Amino acid sequence: HAWAIKIVYHTMREIITSRSGTTNRNSYASFNPVFGHFKFSNVTVKSNRTNLILGKVPPILVYSRQSHNGSNLAASSSSQIPVPQNSSQVGARLNNWKRFARVVKYSRIPLLVVSVFGLGYNQGIIDYSRDPEAKKKQLLSQALTGVAATSANLIVDGSDIRLRQVQRVGSRMTGTARQFVQRELRLAVQKWEENTKTFGGGIAVADPQVEFWHAAERNMEGKWNYYLIESPIPNAFVSEVLPHNIFITTSMMDNFIQHDDDMALIFGHELSHLILGHVSQANQLELMLRALELLFLSMDPSEGFLSLAFMSLLGASRSLIGATHSKNSERQADELGIKLAAMGCYDTKLASNVFERMHQFDTESAAGKVKEQHQVLRWFDTHPPTAERGQFLFQESNVENKEKYFNECSDVKDKLMKVFRLAK
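Residue 413, in our numbering, is where the sequence shown stops; the numbers in between run on with no holes.
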């Protein structure tokens, strides 16, 4: 008898909870499983064994707040569900738990993404520690795949004029970049020490600028290698995954490089990406955007076509944000790259013409013609327009040139020519 009443009670509570919108918060309900009583406020209805056997629920007394004047109670066998206070409180608590569970669920998704990333990162460290040389070859193969090449396409013949040019300019630019980073690190440390003394010492707190230039110094220190790749894709790049390596393709040299100055500007740009940590920043941004995309996908209430449209919108938004960040990184690398080229005693004004040749190449290519017709596609470009970059570098060459860094220039001939012009 008590168990049957308990079943009815739980059924009624589910109905009451599901219709919590009509809850009268001035009423309450309680159940005594021993004696089988439903109690609504101060009105008690005793359950009937016959009604339970026949499957009938006793008439429900509806406690009306409007009709409650002192001791008056309005009771009827209405079809409306009673609104007991205890049930409303239980329903409120259940809703709070549901909200809390939902928050925990959605917050776990980004944490799971970070965890998967961390597991992959740790596994990469383990693989590298087991066989560093094999891992380097694998990473080199992946890098070459990006320019449609393999290890067989690497030009290793020391007599190749183009390879010797790459080694000559690359060695000079990496040395210049290393000196620049070391100088900036010294300045950052001096500034940090001055600030520490100004504020009375105390506990030494790590300075973001000092940490930044320490990381840049780690990226620049070490023996550098210079690779010339036989490839139809014009490209030059430096990767944090493969540190201390500069890559350039034969197509890049044949189509755009005419002087050492051109190559110095290109190498300065790529080394600037490494110094400024753009690769790590791009990876962190991509991780965050993908975690947010998974989070929004889990919250998507739509189905069918709307769900596909929502997924497309999220993917396009991620690509647009990534492209905007990449454009900013390219502009920063252009600004620092021309500075490094000038510090290496290269003619930056002459070198800026390399972007004019790139612009002409882009406009004549099929992809460039499509983008000219559909300007919206330029929003998703990872690089600013080459014509815009060339114009900026040409103007910047009036400031960043080898004459500005006369005392730091490593080219003795240029120094002597400068002295000769001044004497004349």
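In case anyone wonders, no lab produced these hints; they're calculated from the structure.
Heads up, a few of these hints could be off.
What the hints assert, rightly or not - In silico DSBU-like links for lysine-lysine, alpha-carbon gap of 30 angstroms or less:
1. 186 with 124
2. 338 with 316
3. 393 with 212
4. 180 with 124
5. 87 with 212
Said to hold, decoys possible - Here are the computed distance ranges between Cβ atoms for each label pair:
6. 369 with 172: 31 to 39 angstroms
7. 107 with 149: 21 to 29 angstroms
8. 164 with 123: 45 to 53 angstroms
9. 126 with 367: 17 to 25 angstroms
10. 201 with 369: 27 to 35 angstroms
Because the structure is a prediction, the values reported are computed rather than measured.
For glycine and all other residues, C-beta sits at the position ideal for the given N, C-alpha and C.
Consistency of the hints with the structure:
A C-alpha spacing of about 46 angstroms is found between residue 186 and residue 124, which places the hinted pair above 30 angstroms, so the restraint is violated. Only pairs whose Cα atoms come within 30 angstroms are accepted, and residue 338 paired with residue 316 is accepted, the gap being roughly 23 angstroms. Taken as a hint, the residue 393 and residue 212 pair is honoured in the structure, with Cα atoms around 29 angstroms apart against an allowance of 30 angstroms. As the CA atoms of residue 180 and residue 124 are separated by approximately 40 angstroms, the hinted pair breaks the 30 angstroms bound.
For a cut-off of 30 angstroms, the pair hint linking residue 87 to residue 212 is broken: about 58 angstroms separates their Cα positions. The given range of 31 to 39 angstroms is respected by residue 369 and residue 172, whose C-beta atoms sit roughly 38 angstroms from each other. About 43 angstroms separates the C-beta atoms of residue 107 and residue 149, a value inconsistent with the hinted range of 21 to 29 angstroms. Distance hint for residue 164 and residue 123: a CB-CB separation of about 31 angstroms, inconsistent with the stated range 45 to 53 angstroms.
Between residue 126 and residue 367 the C-beta distance comes to about 38 angstroms, which lies outside the given range of 17 to 25 angstroms. Hint check: residue 201 to residue 369, Cβ distance near 29 angstroms, so the stated range 27 to 35 angstroms holds.
Taken one by one, the earlier hints fail for this structure at numbers 1, 4, 5, 7, 8 and 9, listed in ascending order.
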